Amino acid sequence: MKIQVLCLSVLLLIGINSCKKDTGGTLTLHFKALYDGQSLPMFVTKPYTNPEQLQFTHLSFLVSDLVLLDQSSKVNLKDVELVDLSFDDANTADGGYTISIDNLPAKNYSGLSFGIGVPADMNVKKPADYPSSSPLSNSSYYWVAWDSFIFMKTEGRIDTIGNGSFDTGFAFHTGTDNLYRIVEANIPILIEDGKNKQIDIDLDYKKVLDGIDIKSNPQNHNPKDSLQIKVLVQNLSGALTLVQ
Amino acid sequence: MNFIRKVPGFYFIVLICCIGLLRCHDTIDIIGIADVDLTPIPYQPIPYLPDVPAGFPALEQPVDNPMTIDGIRLGRKLFFDPILSIDSTISCSSCHLPNKSFTDQLSFSPGVAGNTLRSSLSLLNVAFQYHGFFWDGRAATLELQALQPIENAIEMGESWENVEKKLRRHPGYQAEFRKAFGIESSSMINRDLATKAISQFERTIISGGNTRYDRFARGEIFLNDNETNGYLMFFNVDPVLPDAQCGHCHTAPLFGTTDYFNNGLQESADLEGFADKGLGAITGKASDNGKFKTPTLRNLVFTAPYMHDGRFTTIQQVVDHYTSGGKQSPNKSSFLNNLHLTESQKSDLISFILTLTDSSVLTNPAYKSPF
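As you go down the protein sequences, you meet chains A and B in turn. Reminder that position 230 of the first sequence reads as 230 in the numbering used here, one-by-one numbering, no gaps. Count along the second sequence from 1, add 244, and you get the number used in the numbering used here.
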């Protein structure tokens with residue numbers, strides 16, 4: 001009898017633990033690059049200021065302090081992640097870059113917030129200060145002349161006369177504390193047990209580059225030449241779209 | 245049957261013989277090499293914590309391959325031992341010579357069956373690389389990198405099965421594998437342990453901290469005018485001077501990255517037209533075609549010729565290539581454009597690059613052949 005009770009208890013415990021694994025929901029953030037509303041694979045010719053044409057070769061940005069907002073509190077989802085949107089073909093470009101967070105407490109959240117770039121407390125450090133598992137350990141995302149991580153990379157080649165020769169490279173990198181931007185979307189986000197909630201975050205690079213004279217100034221790494229990237233960062237709010 | 249009855253110990257003798265045979269069999273492995281009990285040899289691993297220069301990243305040792313004094317000693321011996329090649333003529337050090345800053349200063353390294361297809365990369369500071377080894381990044385870890393040259397038909401032309409045989413029957417190596425990894429018998433010597441030991445030694449090859457650049461970065465010295473101009477252009481610090489675009493790929497403090505770039509060496513109208521696809525041949529991604537790993541610029545003066553195919557014999561030629569903008573192709577790095585640097589500015593750039601010279605590596609007794 002004692003053995004039977006023991007077995008029953010063990011089974012009950014296993015059952016309870018199994019149930020525990022199913023609790024909580026999943027939030028999937030699906031980042032995608034667009035150009036004038038269309039998906040944006042790399043090396044595909046896109047019209048710019050007539051007669052100029054562009055081909056993008058690399059698009060990426062750091063996302064930090066990703067949090068779900070509640071009425072009175074925040075649920076931290078991720079400290080930092082490198083979102084790389086450089087995809088070769090339309091299929092993978094449509095697939096985009098996904099951040100998925102499991103086991104979130106089921107409830108109706110009031111919004112989502114994340115930074116593009118890294119906040120000052122992270123930016124004060126250097127790549128060597130981060131473990132190799134962190135995207136911030138990659139020295140390719142640090143610019144010595146700024147004493148800053150590179151928050152966002154937008155790179156490609158431009159055909160300045162519209163004859164199909166993309167012979168000038170362009171590279172706009174953002175960085176420094178004053179160009180860190182926080183995106184806050186105050187939208188109801190319902191997380192349910194055992195279910196996946198997807199939010200599409202589209203970034204339209206035609207809007208990102210709006211007003212930037214690529215031909216005259218195709219790069220911006222000089223510390224006193226931040227005019228172009230200030231425009232680019234200002235454009236971010238209008239270029240980002242969140243869709244549930 | 246009567247005979248058996250007359251000899252009561254018969255079954256006992258048969259049993260003893262069987263045990264004896266079994267024991268004999270235990271000491272002979274399947275390829276006919278006597279297995280040697282190594283447990284009488286003490287196994288007392290002493291952890292090794294390398295001196296990491298200030299400003300460098302922390303050295304993260306693999307959890308399954310922590311560095312020990314005996315592991316490094318064994319790795320060093322294996323690194324310099326041509327026993328790893330099919331005809332005992334080529335060792336790791338044949339292509340990575342300490343007195344040449346762990347390159348061989350050749351465009352294509354000679355192996356047991358001709359020349360390799362790529363120039364040998366320097367091993368300086370490989371300890372701080374955690375992925376992407378070889379010019380095309382085909383090995384994920386240093387340990388996996390060390391596996392490959394042995395079975396490469398051109399480089400060493402040997403099989404790991406044979407190497408394992410040779411190491412297992414070698415009395416010196418038996419004891420050293422025991423001391424390094426605590427194995428109980430010689431049959432436990434295998435490629436996994438051999439490459440772990442080689443990697444442990446390679447992780448000791450650290451250069452930095454005492455170069456003029458490092459001392460300047462710590463505020464201990466000033467660079468001269470030419471070096472300073474070169475520094476300002478290298479990292480685009482001064483808005484008056486042109487951006488030499490170097491610092492995008494050759495980032496401090498290691499002056500290399502494990503990223504890959506198309507640095508304008510091959511002309512191609514489309515992404516498929518590269519003669520040497522580099523990274524793309526490994527990943528299968530067209531956008532990776534023509535891309536190669538960024539090597540370190542530390543000790544560049546000792547590592548000519550340059551590029552994956554050793555096409556440039558001087559640093560001047562390298563600078564001329566980059567400032568010209570290189571050859572056109574769709575995925576050429578966006579930073580490669582005609583920079584219009586003057587000869588004087590190019591010279592200053594080279595002066596700065598030479599501040600990364602650490603000649604102590606070439607003569608460091610810890611890196612010398614133990615043979």
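Bear in mind the hints are in silico, worked out from the structure with no lab data behind them. As the structure is a computational prediction, the values presented were derived from the model and not from experiment. Incorrect hints may appear among the rest.
Unchecked claim - Taking lysine-lysine and the DSSO-like style, the derived pairs with C-alpha atoms no more than 27 Å apart in a straight line are:
| id | chain 1 | residue 1 | chain 2 | residue 2 |
| --- | --- | --- | --- | --- |
| 1 | B | Lys590 | B | Lys612 |
| 2 | B | Lys529 | A | Lys206 |
| 3 | A | Lys107 | A | Lys195 |
| 4 | A | Lys78 | A | Lys46 |
| 5 | A | Lys74 | A | Lys197 |
| 6 | A | Lys195 | A | Lys78 |
| 7 | A | Lys46 | B | Lys529 |
| 8 | A | Lys107 | A | Lys78 |
| 9 | A | Lys126 | A | Lys107 |
| 10 | B | Lys344 | B | Lys409 |
| 11 | A | Lys74 | A | Lys195 |
| 12 | B | Lys612 | A | Lys215 |
| 13 | A | Lys215 | B | Lys571 |
| 14 | B | Lys612 | B | Lys344 |
| 15 | A | Lys46 | B | Lys571 |
Claimed, not checked - Only part of the chain A face toward chain B is listed, based on derived beta-carbon distances under 10 Å:
| id | residue |
| --- | --- |
| 16 | His30 |
| 17 | Phe31 |
| 18 | Ser39 |
| 19 | Asp129 |
| 20 | Tyr130 |
| 21 | His173 |
| 22 | Pro188 |
Stated by the list, open to error - Negatives, chain B to chain A, calculated, CB over 10 Å:
| id | residue |
| --- | --- |
| 23 | Thr333 |
| 24 | Asn480 |
| 25 | His492 |
| 26 | Pro574 |
C-beta atoms are modelled at their ideal positions from N, C-alpha and C, and glycine is treated no differently.
Handout entry: Unsatisfied constraints (hint numbers, rising)
Key = Failing hints, ascending: 1, 4, 9, 10, 12, 16, 17, 18, 22, 24, 25 and 26.
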